[in-house]
Amino acid sequence: MKNDLALIGVAKTFGPHVAVQDVSVDIAEGSFFSFLGPSGCGKTTILRMISGFIEPSAGSIRLGTLDLAGIVPNRRPTALIFQNLALFPLMSVAENIGYGLKVRGVSAAARGRKVDEMLDLIALSGFAGKRIEELSGGQRQRIAIARALAVEPKVLLLDEPLSALDLKLRQHMRAELRTLQRRAGITFIYITHDQGEALAMSDRVAVMSKGQIEQIGGSSDIYDNPGSAFVASFVGESNILVGRITATDGQFAVIETAVGDLRGRNPKHLTTGDAAMLFVRPERLRIAAAEDDLVVNSLTGDINEVMFEGLTFIITLRHVSSRLVTLSLANDGTGLAFAPGSRQTVSFSPADGLILPAGPIARLDVVP
Amino acid sequence: MSSALTRFGRLGLAYIFTATGLWLLVLMLLPLIVTIDYAFRPFLPPVDWGGPNDRYTFDNFAVVLLNKFNQTIFLKTIWASVLVTVLSLAACYPVAYTLAREKRSGRARWLAIALIIPFLVNELLRAFAWQLLLSYKGLFNQVLMSLGFISEPFDFINKNVGVIVGLVYTYLLFMILPLYTALESLDPNLVDAARDLGAPWWRIHWDVVLPHAKPGLANGCIVTFMLAAGSFAVPQLLGGTGSLWFTQLIYNQFNAINWNMGAAYAFCLVILCLVFIVIVMWLLRVRLSDIAR
Ligand SMILES: Nc1ncnc2c1ncn2[C@@H]1O[C@H](COP(=O)(O)OP(=O)(O)OP(=O)(O)O)[C@@H](O)[C@H]1O
Ligand SMILES: [Mg+2]
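Protein chains in written order, with the numbering used here: chain A, -17 to 350; chain B, 724 to 1016.
Source of the hints: derived by calculation from the structure; they are not laboratory data.
Careful, some of the hints might be misleading.
[Claimed, not checked] Here are the computed lysine-lysine pairs in the DSSO-like style, where the Cα-Cα straight-line distance is at most 27 Å:
1. Lys192/A to Lys112/A
2. Lys(-16)/A to Lys96/A
3. Lys937/B to Lys112/A
4. Lys84/A to Lys937/B
Owing to the predicted nature of the structure, the values given are computational and were not obtained by experimental measurement.
Only chain A is shown next, with the shape it has when bound in the complex:
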């Protein structure tokens, strides 16, 4: 489409420090796209390059057929929502929202209409005359979005805008942002280190590590089919078992780990002898019933700890080899059938175990 945003081989170095490296991505017009990555991986740098505050050291950024190189921020068809919102404290809500139009020379009457329309959109009609300091965190959030949308940008850029809010409001704003994006019909590019946020809102997600894109895909794709050890460990929870491939057959392979030989999917076609990691999501592990005929992927140990989280029970099992394994069980209202300390066997289907090449991971609690 004509307002697709494309980053082509974009890089940014600060002196000797490489902040962003060879980032190429196509972002479809009207989609909700997220850059997800740990702190310091270059997300803000990418956003500031798209908005024009810094020029890439290499590569180009295009909006449709328009090359954005050399276009200063005040002339770019992008609008940025700052991490701290950066609402003008000395202006009223209406003046904030209308500011972009005012500097474009739009008449006061037309501006007023647009401000009302924007306040309607964010469900804050009647707030026009309020001062910024009178608003709650969530309201300020919405004003910032309204201020950016008022100039009718082609692309809205959001830099971790929810990080300052408390959990409840954050979850509420996720849904709200998604709704606002649908209504506005423009591209939202969202930056976050919170994988829950990225997965919940986005059409597509780019997972970043150390200035590079590790994987781009839809939310469920990223979650269920991570392409690297980093993505598998950074997105969602996983039990990570390090080992070596001992056998392969078709889509599957067997990996020898400290807790025994385990079978899982082998999408990267690793071969016998390769260093590998097995990733199993806690919710894919289940407690085996006595009558189950367990041939593969069973781990026996003592229940170490049970944490109740409302939706789920988070259970850690100390395997006989003394490794800890985490599983989560849905809270179906019947409670747990076993007590902490009891000996249990857990297992998972080979389709739920994912074997990937050993590589850097995003967490420290690995089973060696």
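Go by the hints and put chain B with the ligands onto chain A.
Using the frame of chain A, we list chain B with the ligands on its own:
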């Protein structure tokens, strides 16, 4: 108040209040009262003190304000001080802004040092230096003449240029520091946000930066104006004979032992400064509490 009590203790607080009170009383209030008292009495030989002629009168002020020569100098002092303030603001704002925005970089630190070092030198010496530069056969005239801009030396000293340049330079820091303090507290994201919304640089300053810096701006303008209008050494050294300053009139009266007349002159200067403060605060719509922040 209670936190101040726990912090300084009863004795400490008592000291602070007494010291401030004494400061105000001895160094500000008493001299002012004495000056006013003198200003409204006629100049008399000691034998007539307390006599029938020693009564309150406006005569001194009539001389100060109605004399043509005095009027010229009084007005000159006002417009020249306003000009000094405006020039100083124009010169200092970009510097203070750069300093505030780049406060983390090494460049800003060098700039700050470069600004402060000249002020370690005595004010009089600096004025002398300017005198050398601006004098009839001084460096500026020589350079300008050798470049062909002027055919004969320009009389900087007697044409008020010397005083104005000298005053701007002398009180530079009093403008930069309050501006810097105000600008430093501005969230740089606000500037970027305005830019992102399409504002050209001058609009960003007008809509976002200046309103934020207003208290510091008022502070700097008021202090610079008062220092300029009340300056004595700089006009004395850089003003020449053709461009007297109001303070020099005051000095002349005290020098001629007519303290009463001198007090009347001084009182007019005080009133002038107060009026200026009120006008600036009204123009910028700031309150005293904003400035004291
Ligand atoms: N102006 C700059 N000069 C030098 N280094 C910089 C500059 N801006 C960013 N960096 C460096 O580039 C890297 C990426 O920074 P960036 O702000 O893009 O990270 P981020 O992913 O947004 O992190 P966070 O989640 O903490 O905001 C960091 O290591 C940072 O120190
Ligand atoms: Mg960031």
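Hints the structure violates: just list their numbers, smallest first.
Hint check: 1 fails alone, others pass.
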